[in-house]
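First to last, the sequence lines map onto chains R and C.
Residue numbering for the first sequence follows my numbering, beginning at 1 and increasing consecutively.
Residue numbering for the second sequence follows my numbering, beginning at 1001 and increasing consecutively.
Subject to a maximum C-alpha distance of 27 Å in a straight line, what follows is the list of computed BS3-like cross-link-like pairs (lysine-lysine):
hint: 1; chain 1: R; residue 1: Lys147; chain 2: R; residue 2: Lys76
hint: 2; chain 1: C; residue 1: Lys1073; chain 2: C; residue 2: Lys1150
hint: 3; chain 1: C; residue 1: Lys1425; chain 2: C; residue 2: Lys1360
hint: 4; chain 1: R; residue 1: Lys22; chain 2: C; residue 2: Lys1073
hint: 5; chain 1: C; residue 1: Lys1192; chain 2: C; residue 2: Lys1073
hint: 6; chain 1: C; residue 1: Lys1192; chain 2: R; residue 2: Lys22
hint: 7; chain 1: R; residue 1: Lys22; chain 2: C; residue 2: Lys1185
hint: 8; chain 1: C; residue 1: Lys1150; chain 2: R; residue 2: Lys22
Since the hints were derived computationally from the structure, they do not count as laboratory data.
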Amino acid sequence: MARLTPENVQRARDTIALYPEKRSALIPILHLAQEQDGWLTEDAMAHVAELLDLTPAEVYGTASFYDMLFTEPVGKHLVSICTNIACLINGGYELLEHAEQSLGVRAGATTPDNEFTLEEVECIALCGEAPCLAVNWRFFGSVTPEKFDALTADLRAGLLADEVPPHGTLNRVRRTVGLTAGVPATGRVAVSEAPAPAPPPTPTEKDQRGENQPADAAATETAVEEAAAVQDPPDTDTAPTAEGSRPEKGGDA
Amino acid sequence: MAVTDAAPIVTRRVGLPESWTLRSYLDNGGYVGLRRALEMAPEEITQEVLTSNLLGRGGAGFEAGRKWSMLRKAQPVYLVVNGDESEPATFKDHMLVECDPHQLIEGVVICAYAIGAAQAFIYIRGEFALGLERVQAALNEAYEHGAVGKDIFGSGFDLDVVVHPGAGAYICGEETALIESLEGKRGFPRIKPPFFPAAIGLYGAPTVVNNVETLSNLPWIVENGGAAFAALGEGRSTGTRIFSLSGHVNRPGNYEVEMSKTTFRDLVEHYGQGVRLGRQVKAFIPGGVSAPWFGPDQLDMPLSQEQVGAAGSMLGSGAVTIMDDTTCMVRAAWRITRFFHNESCGQCTPCREGSGWVAKIMQRIETGAGREDDLDLLLDVCDNIAPGLSWPPQQTTICVLGPSIPSSVVSGIRMFRDEFLLHIKEGACPYG
Ligand SMILES: Cc1cc2nc3c(=O)[nH]c(=O)nc-3n(C[C@H](O)[C@H](O)[C@H](O)COP(=O)(O)O)c2cc1C
Ligand code: SF4
Ligand code: FES
Chain R
1 MARLTPENVQ RARDTIALYP EKRSALIPIL HLAQEQDGWL TEDAMAHVAE
51 LLDLTPAEVY GTASFYDMLF TEPVGKHLVS ICTNIACLIN GGYELLEHAE
101 QSLGVRAGAT TPDNEFTLEE VECIALCGEA PCLAVNWRFF GSVTPEKFDA
151 LTADLRAGLL ADEVPPHGTL NRVRRTVGLT AGVPATGRVA VSEAPAPAPP
201 PTPTEKDQRG ENQPADAAAT ETAVEEAAAV QDPPDTDTAP TAEGSRPEKG
251 GDA
Chain C
1001 MAVTDAAPIV TRRVGLPESW TLRSYLDNGG YVGLRRALEM APEEITQEVL
1051 TSNLLGRGGA GFEAGRKWSM LRKAQPVYLV VNGDESEPAT FKDHMLVECD
1101 PHQLIEGVVI CAYAIGAAQA FIYIRGEFAL GLERVQAALN EAYEHGAVGK
1151 DIFGSGFDLD VVVHPGAGAY ICGEETALIE SLEGKRGFPR IKPPFFPAAI
1201 GLYGAPTVVN NVETLSNLPW IVENGGAAFA ALGEGRSTGT RIFSLSGHVN
1251 RPGNYEVEMS KTTFRDLVEH YGQGVRLGRQ VKAFIPGGVS APWFGPDQLD
1301 MPLSQEQVGA AGSMLGSGAV TIMDDTTCMV RAAWRITRFF HNESCGQCTP
1351 CREGSGWVAK IMQRIETGAG REDDLDLLLD VCDNIAPGLS WPPQQTTICV
1401 LGPSIPSSVV SGIRMFRDEF LLHIKEGACP YG
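Work out the full structure, taking the sequences as your base and the hints as a guide.
If you want it as C-alpha cells, here you go:
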C-alpha cells in the first residue's frame, strides 16, 4: 500500500526541520502517515524509515510501543471508551457493554462494515464527565446508552464529519512559522520568514470545563475550521545536523 | 465563591469567550508578565520563582526554582514541557492546553529566558487532538505577535518553540521516558543517576522538564512577584493549585484553590457540592491512582503537600477521586492494578512481572475465584516490588511506576480486609 504522497513528504521534511536531530520527527511523521491511510501500512513505515535514515525495524519498534499507532487496519471511527477509576465507578463498563451490544463487536474488534473499531482504554483525562469516550480522539462526556446510540447513528450518517475527522487526523492546524531563532548548537540553518498564519481554531461550542464550572455543563469538543492550506516553510531537509557540535550523550538508554 | 479569599491564578481566564485566542488573551492581561520578565536578568526570575516556592504540579512536587538552579552549565540547554497528562483521574492540563494555551506559551518563554534555552518543546499527549490544535494555533499567533521567535519583544532574546504530539503511552509522562519519546524512541525511562534531565537530558544536553500547570503559573508570578505567591498557602505548599475532582460527587470538575488553607472536605462539600445522593464517603484517592488511599477520617486534612505526605500518601497529580459507600473496593483496586500492568514499560522485573501477578490475583478475587491465602500472597508480591510497603516507597526499579503498583492493593487490603475476604469466601461481589 501507500507510501507518503509528495505533499506529505513535504510536510514530513518540514517537520524534520523543526528538530536538532532527525529521529525526533519520527512520531509526528507516523501520525502524518496514519492521517494519510488511517493506519500504518508497511510501505508507509518503510518510506518514513527512508526519510529519517532509520531501518524499517527501528520505525516499527517505536510504532509498536504506542497505543495510538496502529499497524493493522482500523475502522473509519475509532471509539475509545474509558473504564479507568473515575469512569469505572460511574458506569464505564456498563457503557462499554452497551457499546459492544449496540455495535455487535467486542472491544478490540471492527464492525463488518468497517465503520467502527471499538476499544477499551485507560483514562482519557475527561474524568469530570464520566463515563466518557473519544471518537478519533474527539471527546464526548457523560455518555448514556441513548447518547451513545445517537452518536453512532450520526457518525454513520456522516453528520459529524466536521467535528470528527477521519481516524489518524489529529492536529488540523498547520505550523505557519519557521524556526526563527535557529538552533545554535547544531549549526542548523534557520528557516526563513513564514507566510501568513492559519486562522486559529473556531469552536462551535463554548468550552467551559473550568474553575467552579460543573463538569457536565462542558462541551469539550469543538470543530475546528479547516486550517487554511498555507504552505509550510520551504524544504530544509538538506540542513546539516552537525552531530559533533552537540554535547556527547552519556550513553544511549 | 471560594473557601478562601485567594483568587484563581492559572484558571482565571477559563470560561471567557474564545479564551484560547491571542485577542482574548491580550484583552485579559496576557503577555504582560513576559514583557516584565524580559526587563529582568534571568537570575532575578529564578530568584522570584525560588521565593514563590512554586512546587512542580506534575506529580513529584519538586521546587521549580531549585530545579532550574541545578542545571549543568553547558550549552545548549533545552526546555521540555510535560503535557502528557495521563495519571488516571487527572484532567487539569487537558483543560489548560485547550482553554489557555497562550498562558502556557508565555510561561514557556519566561522559563526558557530564565534558564537560557534557545529551543523549547511542548510535548502534548497525542490523544489531546483539540489541545494540539489550540496550542499550535496559539503558537502561530505568538510568533506573529513577537512573543516567540527572534528578538522577542525587542529584547534580543531568541526562542523557538515546537509542539510535539505523544502517541499514547502513560509511561511517557515520566520525564526521562518523555525525553526518549521526544527523541523518537520507545518510552523507556532512563536510570537516574546519571540521567537526571538537568544533567543529561534531551540529546544529552541539560534539560528542564516542567509540567503544563507549573509553567502556566509563571506569568502571574513574574507580574505579581514570588512573595505574593508565597503569601498564599502555608509552609512549603504555597499558592493555588488545580485539583481535578472526580468520582461520586455532585459536581466533579477542576477547581483551583488555595493550598494548605483548603481541605479535602471543602473540595467534596463546597466545590463538589457533596457526595451524590447524599451518600457517605467510603474512601478517596488523594493524588492520582499512584497514591495510597485515604478514609473519611482524613477528609479534614488540608491540601498540603507536606501534611498529605506525612500521613502516608501524596497530592501527586492533584487528582482527587471520591468513592462512596456503594463502591466495591476490590473492583476499584483491581482496575487500578490492571492499569499499571497495561502501562508497565517492561524494563524492570519487579514492575513487569509484579504488576502481572498482582493483576492476575486481583482478577481472580474480583471474579469470585479467590483463595484464602491470596491476600498474603498479594502483600508478598507487593513487598517484592516495593520492599517494606511504606510511603514514600522503596524503589527497586528504574522509575517510580513500579513502586506505585502496590498503593491501591495495599490500601484496599489494609482498609477493607473484611470486604476482600468476603469476596473470597462468598465467591462473589457483595455489591453485585
Ligand atoms: C509513571 C510516571 C508518570 C508521570 N506522568 C506525568 C504526567 O503525565 N505529567 C507530568 O507533568 N508529570 C508526570 N510525571 C512526573 C514527571 O516525571 C516529572 O516529575 C514532571 O514532569 C516534572 O515537572 P514539574 O516539576 O513541573 O512537576 C510522571 C512520573 C511518573 C513516574
Ligand atoms: S518501573 Fe516499570 S515502568 Fe518504570 S522503568 Fe521499570 S518497568 Fe518501566
Ligand atoms: S478515568 Fe475515565 S477519563 Fe479519566
